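Line by line, the protein sequences give chains F, Y, X and D. Quick note on the working numbering: the first sequence kicks off at 1 and runs consecutively. Quick note on the working numbering: the second sequence kicks off at 1 and runs consecutively. Quick note on the working numbering: the third sequence kicks off at 1 and runs consecutively. Quick note on the working numbering: the fourth sequence kicks off at 1 and runs consecutively.
It is possible that part of the hints are untrue.
All copies of an identical chain are treated as equivalent in the list; a pair is satisfied when it fits inside any one copy or across any two copies.
To be verified - List of simulated lysine-lysine pairs, DSBU-like, C-alpha gap at most 35 Å: (1) K111 to K14; (2) K141 to K111; (3) K137 to K158; (4) K231 to K178.
Everything labelled a hint here was simulated from the structure, so no lab data went into it. Quick caveat, the model's predicted, so the values are computed rather than measured.
Chain by chain, the residues:
There are 4 protein chains.
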Amino acid sequence: MEAPIRIGLFGLGKAGKEVAEQMLSDPAVELAWVVRSGRSASPVLLTKEVPICFSGEVRLNDLIEQNHVDFVVDFSTADSCLDYAEIAAQKGVGIISAVSAYKKHHLACLKKASKKTAVLYSPNITLGINFIIIAGKILRKLAPHAGVEVVEEHFHDKKEVSGTAIRIAELLDLDPAKQVNSVRVGGIVGRHEIIFGFPYQTIRLIHDSISRAAFGQGALYAIKNLYGRPKGFYTMEQLVAEGFSAALS
Amino acid sequence: MEAPIRIGLFGLGKAGKEVAEQMLSDPAVELAWVVRSGRSASPVLLTKEVPICFSGEVRLNDLIEQNHVDFVVDFSTADSCLDYAEIAAQKGVGIISAVSAYKKHHLACLKKASKKTAVLYSPNITLGINFIIIAGKILRKLAPHAGVEVVEEHFHDKKEVSGTAIRIAELLDLDPAKQVNSVRVGGIVGRHEIIFGFPYQTIRLIHDSISRAAFGQGALYAIKNLYGRPKGFYTMEQLVAEGFSAALS
Amino acid sequence: MEAPIRIGLFGLGKAGKEVAEQMLSDPAVELAWVVRSGRSASPVLLTKEVPICFSGEVRLNDLIEQNHVDFVVDFSTADSCLDYAEIAAQKGVGIISAVSAYKKHHLACLKKASKKTAVLYSPNITLGINFIIIAGKILRKLAPHAGVEVVEEHFHDKKEVSGTAIRIAELLDLDPAKQVNSVRVGGIVGRHEIIFGFPYQTIRLIHDSISRAAFGQGALYAIKNLYGRPKGFYTMEQLVAEGFSAALS
Amino acid sequence: MEAPIRIGLFGLGKAGKEVAEQMLSDPAVELAWVVRSGRSASPVLLTKEVPICFSGEVRLNDLIEQNHVDFVVDFSTADSCLDYAEIAAQKGVGIISAVSAYKKHHLACLKKASKKTAVLYSPNITLGINFIIIAGKILRKLAPHAGVEVVEEHFHDKKEVSGTAIRIAELLDLDPAKQVNSVRVGGIVGRHEIIFGFPYQTIRLIHDSISRAAFGQGALYAIKNLYGRPKGFYTMEQLVAEGFSAALS
Chain F
1 MEAPIRIGLF GLGKAGKEVA EQMLSDPAVE LAWVVRSGRS ASPVLLTKEV PICFSGEVRL
61 NDLIEQNHVD FVVDFSTADS CLDYAEIAAQ KGVGIISAVS AYKKHHLACL KKASKKTAVL
121 YSPNITLGIN FIIIAGKILR KLAPHAGVEV VEEHFHDKKE VSGTAIRIAE LLDLDPAKQV
181 NSVRVGGIVG RHEIIFGFPY QTIRLIHDSI SRAAFGQGAL YAIKNLYGRP KGFYTMEQLV
241 AEGFSAALS
Chain Y
1 MEAPIRIGLF GLGKAGKEVA EQMLSDPAVE LAWVVRSGRS ASPVLLTKEV PICFSGEVRL
61 NDLIEQNHVD FVVDFSTADS CLDYAEIAAQ KGVGIISAVS AYKKHHLACL KKASKKTAVL
121 YSPNITLGIN FIIIAGKILR KLAPHAGVEV VEEHFHDKKE VSGTAIRIAE LLDLDPAKQV
181 NSVRVGGIVG RHEIIFGFPY QTIRLIHDSI SRAAFGQGAL YAIKNLYGRP KGFYTMEQLV
241 AEGFSAALS
Chain X
1 MEAPIRIGLF GLGKAGKEVA EQMLSDPAVE LAWVVRSGRS ASPVLLTKEV PICFSGEVRL
61 NDLIEQNHVD FVVDFSTADS CLDYAEIAAQ KGVGIISAVS AYKKHHLACL KKASKKTAVL
121 YSPNITLGIN FIIIAGKILR KLAPHAGVEV VEEHFHDKKE VSGTAIRIAE LLDLDPAKQV
181 NSVRVGGIVG RHEIIFGFPY QTIRLIHDSI SRAAFGQGAL YAIKNLYGRP KGFYTMEQLV
241 AEGFSAALS
Chain D
1 MEAPIRIGLF GLGKAGKEVA EQMLSDPAVE LAWVVRSGRS ASPVLLTKEV PICFSGEVRL
61 NDLIEQNHVD FVVDFSTADS CLDYAEIAAQ KGVGIISAVS AYKKHHLACL KKASKKTAVL
121 YSPNITLGIN FIIIAGKILR KLAPHAGVEV VEEHFHDKKE VSGTAIRIAE LLDLDPAKQV
181 NSVRVGGIVG RHEIIFGFPY QTIRLIHDSI SRAAFGQGAL YAIKNLYGRP KGFYTMEQLV
241 AEGFSAALS
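Just chain F, same shape as in the assembly (with noise of 0.2 Å):
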């Protein structure tokens, strides 16, 4: 049996503790440490013992020199960017960023890294979500006469157009002003379709997230996937497209 790749993750919200249990729970990756904010001083337990750092106190080079890691994981927020990208680059430590809210400069500071170690950034990057935006790539250049439209549905408290869907708009050259619709109800915890309408046949591809878990799912797919790669810059599509050449060989 291999060893399993080593992993340092940033942020332990909603979202960072359910990936951060996810990889826990595969054999095939080892959580090596957590960085997560010092600002919020509630306990998060884990189902497994790791050693847990908040980011005003620890200095980076010294946590990945002395427990050294093949990835960093970023579930935090946009900032966590400008403090670990150079010394993880120069390391060769590769990067997967999850982070939603990233500005121009955050994105500038990945791409430069990405100069020296492999780096990828996907804002959705469960596997189900890329998946419908590649397929629904390819249905569009079949079916270039088809219209289409987004319906996404979240939790009333979401206020904001999901991301997600307005990535999906982009990638499948729609205008998300017009042709993302979204619903704001309850507690749905997220739901995106793409509908391709024909004359006579109606196609939908649609994807329901159960849990935020989803999201420790998508990392480990992206760690496994990246593990090896050369320097430069992916994305999750990106990943997830070479998947569907390679099935079509």
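Assemble chains Y, X and D onto chain F, guided by the hints.
Below, chains Y, X and D without anything else, positioned relative to chain F:
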């Protein structure tokens, strides 16, 4: 066996033709005559022979005297009611109208007729739509805190928001501008979904139209249900709500 | 403000814990104590402190005398009712049970208690499921010729057919062996769809479970609705049907 | 503008008529003639005039000599291919068959013809069905541990399990007896749903048929795609899979 209920039909367009066919295949009613627009000369074949008159060439008074009917059923255009409403009212002939494009004076004309005969008006006369409307109204009362949105899907060329969806919104006390989402792709005949979101569960009431013949089925339901009732103004929603009460008792 | 309705809860498994949390967050009720199985010693943390007793170690009679409740609510196993039903009946404490695995003698025990106190039994106590059941029963009466099938979807490890789906079939006069279709994949929490097929339209009544906390919401609905009612045997379907009638009048 | 691709059509039943109409409305093809069964004498009106022969009265050899076609397209019954396959093969006329009821000797007959001409056989020739099949096959490879089931819904009078659903099951390596669920209610034209269940997410690939005209659109896709290809045996799935590869490159 009782004598069939006799019907005069206005309108022989796409919906009207389907309605006529439904009437021809139900032994409980007899389609006595059809009045269609004289402007279009394209022939319409029905599966049985029925006298077809052109609206510009027929005197309604004579038509009803010579060929008595219990109900006139209207699937034509808004102005037709201005011709037949008073004559029907005087002769005690019931009126069932499913025309969607009425303005105030058309409705006033039907309301006036309802002082003398039974008049039913419903822009969407299918049993299914009215069922989800009444079920939805009840759920609003049972769970006033649940969030509600409507998604309606239709063929690409339907430019306006579904009148049925707007009616659903009105009856469920929703804001049509915010809580009705319209999808327009391909050849979807018609789909209306009312989504009730609770914190930990979601209820969906969905109506899928397969063909316009559903209007004929709805008209038959209205005819049989209205037959023998006193004068007055009725709606399909009201008949279906009565059906709910009867089923519960 | 009125005094909260006092509750004693049996069961602190996956469902029981969620139900307890719902009760703790609703000021209209007060969770006075919990009785859980003594066999498992794994600790359960609730967000507020509530006395937790082990079923093997507690004398129910004393518990109720010392810490009076208006209702016992049961989300534990079938045999619990054999312990509490008679004691609760004697003291006029209402009983609400959502245990699904009852055999005849368990039901007989609850029925006997209902001679002296109000007893509600529903194996699926969510408002949503009972709403689609009552709506479905009504539609069966309105449209007796429509075809009906049920599709239920659950997580892969649920081996048996959904008890809720079988209950839907019974109440809608369907053959569970032919008209209930069971899908078992992945981690679907629970989805029940009743499909009514007409020649030219289809109506779908769908209930999607998001989490077991919906059981707690249903129990709260039952508690508030049953409070102050006379002795007798009630079901959730009956309460929801009453809600339909009230909404229609 | 290039000369249209010339077509001879076998079959003028419900599907055949819709296919003929689709061909008549696409300038890229020309419907040269139709051969229909002589047993039924009910007239079929097409929107344009096309020579219609009865299968018992026509000599195919003469028909093709006098009125050359590039493809014969077959939406008739299983035995037709026994008549035309060898003649078409000898003359280099391509064959596209969408007949679903073939037995082994019918398929053998088409395979033999494919030694001399291009032959495509697909019992469901719509782009949509073949799209969800190929997308489903890919997802099986990307996520071999996901659970998969198929739900197919059709009108009440369709007695047998959908041949398309069985084909989906075969190609996705499922057990048709366990993993295909059939709903039969009302007038549903045809709906196929492939459900992929993951622990924390669900993906649904859904195809809704609106009318049989979708077969015509699928035949046109096949005709244009097959035109100019070398002899051999093709399937619609294969053409669509090629479309996937082309879209990805």
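Measure nothing new, just compare the shortest in-copy and cross-copy C-alpha distances for K141 and K111 to 35 Å and report within, between, both or neither. The answer is both: 29 Å in one copy and 31 Å across copies each meet 35 Å.
Cα distance capped at 35 Å. Does K137 pair with K158 within a copy, between copies, both, or neither? both (27 Å within a copy, 26 Å between copies)
If the cutoff is 35 Å on CA atoms, where do K231 and K178 land: within, between, both or neither? Let me know, please. This pair counts as neither: shortest intra-copy Cα distance 38 Å, inter-copy 46 Å.
Using 35 Å as the alpha-carbon threshold, which applies to K111 and K14: within, between, both, or neither? So K111 and K14 pass the 35 Å test inside one copy only (27 Å; across, 45 Å).
Consistency with the previously given hints fails for number 4 only.
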